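Participant: From just these sequences and the hints, can you work out the full model?
Those letters in the sequence shown? Residues 146 to 284, per this note's numbering, in order.
Don't read these hints as lab results, they were simulated from the structure.
Predicted model only: the values in this text are computed from it and were never measured.
Ideal Cβ placement from N, Cα and C applies to all residues, glycine included.
A few of these clues could be false.
[As the list claims (entries may be wrong)] Derived Cβ-Cβ restraints for the label pairs, each shown as a range:
| hint | residue 1 | residue 2 | range |
| --- | --- | --- | --- |
| 1 | Thr172 | Gly270 | 15 to 25 Å |
| 2 | Arg159 | Ser214 | 36 to 46 Å |
| 3 | Ser273 | Ser175 | 33 to 43 Å |
| 4 | Ser155 | Tyr217 | 34 to 44 Å |
| 5 | Phe238 | Arg195 | 11 to 21 Å |
| 6 | Ser190 | Ile240 | 20 to 30 Å |
| 7 | Lys184 | Phe238 | 17 to 27 Å |
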Amino acid sequence: KTHRDITSSSRKSRLAHFSAPSHLRYTILSATLSKELRKRHRVRSMPIRRDDEVKIVRGSKKGTIGKVSQVYRKRWCIYIEKLTKNRNNGATFRIPIHPSNVVIQKLKTTPDRDNLIARKAAGRGDPSKGKYTVSDVKK
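Facilitator: Okay, here's the thing in structure tokens:
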């Protein structure tokens with residue numbers, strides 16, 4: 146146990162996770178960014194949003210790329226456009242995907258999201274800190 150006021154009980158942690166209110170589920174339903182976006186924004190992951198372009202990296206639909214049509218916080222899943230299955234009676238239904246199984250390829254930028262990216266990147270510190278260049282090293 147590392148903190149006096151925070152429980153390490155699996156039962157209590159699971160209860161807190163699955164009964165989390167919507168504003169906390171927003172953060173929990175985050176996905177990692179692609180390597181290019183990670184390099185450009187200096188941020189590892191972002192809460193997923195409608196109209197983000199994602200690539201599925203785990204599961205039977207691995208490799209599928211599409212646009213997020215809905216983030217369903219109550220069901221802990223996202224829906225991707227044109228990702229459907231057929232029932233026996235012929236009706237189509239959308240396949241739910243957990244955000245941890247996708248990688249964000251293209252972000253839908255809004256002013257609020259840009260502020261979040263700036264805050265997260267600032268918290269990571271100076272990218273050149275601790276790096277030696279050729280001019281630093283004396284021969």
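Participant: Hint by hint, say whether it matches the structure.
Facilitator: Hints versus structure:
1. Thr172 <-> Gly270: 15 to 25 Å: 22 Å, holds
2. Arg159 <-> Ser214: 36 to 46 Å: 29 Å, violated
3. Ser273 <-> Ser175: 33 to 43 Å: Check failed, 27 Å falls outside 33 to 43 Å.
4. Ser155 <-> Tyr217: 34 to 44 Å: With Cβ atoms ~26 Å apart, the hint is violated.
5. Phe238 <-> Arg195: 11 to 21 Å: 19 Å, holds
6. Ser190 <-> Ile240: 20 to 30 Å: 22 Å, holds
7. Lys184 <-> Phe238: 17 to 27 Å: Violated - the Cβ-Cβ distance for Lys184 and Phe238, about 37 Å, lies outside 17 to 27 Å.
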